[in-house]
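A.B. asks: Residue strings, one per chain:
Protein chains: 2
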Amino acid sequence: MDVHVDNILKDLEKDDIQAYMLTQFTNIEYISDYRPTSFAFCILKEEPVIYASKMDMEIANRNSTIDVREYESMEMMIGDLKKEGVKILAIEPELAFGTYEKFRDDFSIVSKKYIDKQRMIKSPQEIENIQKATDIAQKSFLELDILNRNDSESVVAFDLVKLMIENGASKESFDTIVTSGANSSLPHAVPEHKSLEQPILVDWGAICNGYCSDNTRTMVYTEFQHEIWDIVAEAHDKAIKVIRPGLKCCEVDKVARDIISEYGYGERFIHSTGHSLGLDIHETPGFSVRDETVVEKGMVITVEPGIYLEGEFGVRLEDTVSIEKRASVIGGLPLNID
Amino acid sequence: MDVHVDNILKDLEKDDIQAYMLTQFTNIEYISDYRPTSFAFCILKEEPVIYASKMDMEIANRNSTIDVREYESMEMMIGDLKKEGVKILAIEPELAFGTYEKFRDDFSIVSKKYIDKQRMIKSPQEIENIQKATDIAQKSFLELDILNRNDSESVVAFDLVKLMIENGASKESFDTIVTSGANSSLPHAVPEHKSLEQPILVDWGAICNGYCSDNTRTMVYTEFQHEIWDIVAEAHDKAIKVIRPGLKCCEVDKVARDIISEYGYGERFIHSTGHSLGLDIHETPGFSVRDETVVEKGMVITVEPGIYLEGEFGVRLEDTVSIEKRASVIGGLPLNID
Numbered sequence: 001m002d003v004h005v006d007n008i009l010k011d012l013e014k015d016d017i018q019a020y021m022l023t024q025f026t027n028i029e030y031i032s033d034y035r036p037t038s039f040a041f042c043i044l045k046e047e048p049v050i051y052a053s054k055m056d057m058e059i060a061n062r063n064s065t066i067d068v069r070e071y072e073s074m075e076m077m078i079g080d081l082k083k084e085g086v087k088i089l090a091i092e093p094e095l096a097f098g099t100y101e102k103f104r105d106d107f108s109i110v111s112k113k114y115i116d117k118q119r120m121i122k123s124p125q126e127i128e129n130i131q132k133a134t135d136i137a138q139k140s141f142l143e144l145d146i147l148n149r150n151d152s153e154s155v156v157a158f159d160l161v162k163l164m165i166e167n168g169a170s171k172e173s174f175d176t177i178v179t180s181g182a183n184s185s186l187p188h189a190v191p192e193h194k195s196l197e198q199p200i201l202v203d204w205g206a207i208c209n210g211y212c213s214d215n216t217r218t219m220v221y222t223e224f225q226h227e228i229w230d231i232v233a234e235a236h237d238k239a240i241k242v243i244r245p246g247l248k249c250c251e252v253d254k255v256a257r258d259i260i261s262e263y264g265y266g267e268r269f270i271h272s273t274g275h276s277l278g279l280d281i282h283e284t285p286g287f288s289v290r291d292e293t294v295v296e297k298g299m300v301i302t303v304e305p306g307i308y309l310e311g312e313f314g315v316r317l318e319d320t321v322s323i324e325k326r327a328s329v330i331g332g333l334p335l336n337i338d
Numbered sequence: 001m002d003v004h005v006d007n008i009l010k011d012l013e014k015d016d017i018q019a020y021m022l023t024q025f026t027n028i029e030y031i032s033d034y035r036p037t038s039f040a041f042c043i044l045k046e047e048p049v050i051y052a053s054k055m056d057m058e059i060a061n062r063n064s065t066i067d068v069r070e071y072e073s074m075e076m077m078i079g080d081l082k083k084e085g086v087k088i089l090a091i092e093p094e095l096a097f098g099t100y101e102k103f104r105d106d107f108s109i110v111s112k113k114y115i116d117k118q119r120m121i122k123s124p125q126e127i128e129n130i131q132k133a134t135d136i137a138q139k140s141f142l143e144l145d146i147l148n149r150n151d152s153e154s155v156v157a158f159d160l161v162k163l164m165i166e167n168g169a170s171k172e173s174f175d176t177i178v179t180s181g182a183n184s185s186l187p188h189a190v191p192e193h194k195s196l197e198q199p200i201l202v203d204w205g206a207i208c209n210g211y212c213s214d215n216t217r218t219m220v221y222t223e224f225q226h227e228i229w230d231i232v233a234e235a236h237d238k239a240i241k242v243i244r245p246g247l248k249c250c251e252v253d254k255v256a257r258d259i260i261s262e263y264g265y266g267e268r269f270i271h272s273t274g275h276s277l278g279l280d281i282h283e284t285p286g287f288s289v290r291d292e293t294v295v296e297k298g299m300v301i302t303v304e305p306g307i308y309l310e311g312e313f314g315v316r317l318e319d320t321v322s323i324e325k326r327a328s329v330i331g332g333l334p335l336n337i338d
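Quick mapping for you: the protein sequence lines, in order, are chains X and B. Numbering follows my numbering, in which position 62 of the first sequence is assigned residue number 62; successive positions increment by one, without gaps. Numbering follows my numbering, in which position 33 of the second sequence is assigned residue number 33; successive positions increment by one, without gaps.
Worth flagging that the hints you see were computed from the coordinates, not collected in a lab. Relax, there's no trap hidden among the hints.
Below, computed lysine-lysine pairings styled on DSS-like, alpha-carbon distance capped at 30 Å:
#, chain 1, residue 1, chain 2, residue 2
1, B, K248, B, K297
2, X, K171, B, K162
3, B, K102, X, K248
4, X, K171, X, K54
Extracted from the complex, chain X is given alone in its bound form (with noise of 0.2 Å):
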């Protein structure tokens, strides 16, 4: 049996719990292969199963390491667990509540974070594939040459997507953000449809076999800017310099934070140092200030400060690490582009 699907086992052998019922389709994917493309109820117990949807049944029994069975109804599936004995039932914390509702009159519902703390830590092979992906990213973002662009903001950003699938991703991670001027300033920004000003920032990633790749550059331009840029860069660097295995994820993000708050911009850094990622865009653990969890060998965590100018522009810039003994950047690009 799979390693992943063993340790699962394991898991609820100790916690005296029958069964994990998974719904997420990356940890459908993560446990057996196969990504959902509609609904499916991934069973973990002494003998795993899926209930794929009828729409699926070709595509799962292709790339699914685990027995799949075709999805009737609820009951049915309610009726199976109750002939195996399943009396405790663990879901994921995601779960909607809506599905909670059907099982909540037969079972004993724990939510456990089984699976979120495997998929924590990444295998050598997902780590080649986030690599994979990065390269890919990288490559695409010098290649779009954003100096040099006479165009709108939406142009670049899809110029960027598509270099990336023509270099050998299957998407992008994320909707990407090319964003320029005054707007920068949304950590989250949507290309516009007008002409790039300055500074730029793009964030952009690649997924490469369904792992994903995240990085952000600002590009800048006056002495202001460029005085913003050298503090986020100095954050950036100095919490990537800092991990290692032993510490708390706070402690990282406590390190990026303390120098912009230095700097007087403490309240201008509106979101987290970093998060996790993998098959998905955003996991855990993150670097927060609230997040306790220790970091460890094999974690794969971005590293984005950044200093937000509301009405005037805004400056981050990301790398993705993976962790061994010290934390190593993935990707050769440098933070500075010129």
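Guided by the hints, dock chain B onto chain X, whose structure is given.
C.D. replies: Below, chain B alone, put in the same frame as chain X:
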């Protein structure tokens, strides 16, 4: 106060519930014009308020028609609600179980579909936006000239998205499907880096002013493919013809399904006949076997029968209809592309 908020306050009063909490991004946008880019909690009560993340404050203040407060902590938000006398808190069925857990000790929680119920009935403005999105998508499809393309599925899919953006879409409304040959038997096939085979199935849509469009066309070649196409077209046309206010959604599904079954392919029509769309690409109600919702004026729903022959090919034909006294097809693209 906005009519949408007003209607929900009436629902709350009738059910003796003090507050309704929204976390789904498009529900919050529907109510407030602000689409969160990070998490947000919209609390509908006598004095509605949105708790937005720090990083969303600028965009929320810019767009929201409802008061915005910065989210600080779950405790603070729960404290606010208790101070205002909230005892019963309504939530959306989609709320994550992990979030529900944070509220269940302080409030009596009930799941309500107030907002889905409102979103089922589109305003003339909403229908106009869906019409615009459809026009952009269909115009782009014609410009793609798919019958004369000698490219890979992924390049063609990419070019279709590009055309939609050039024609005024903000983006595609879902991952564009361009599939061909045997893969067309997968309802949610992913475009591959291989040349177009026969038949060619394209399922695509645009987003315009936040609203989605959705269409599918299948271009067939052999006699047998034409035979299957004719059956699907008959199901498509007759289902659209029968739609009228007062009928149940499942009765519309039955019309399409019965036709396909009469020809002996009932088991190969492996999904529902249609789904509503709007701010989301999949909304309720749907033309499905189990949906007993009564069709009403103002609904906008897809009609998309299909026949999927595993290992051979698939045919799906999809239009979106808006319902007044009868159903009118949105857009003017013929079913038969030649």
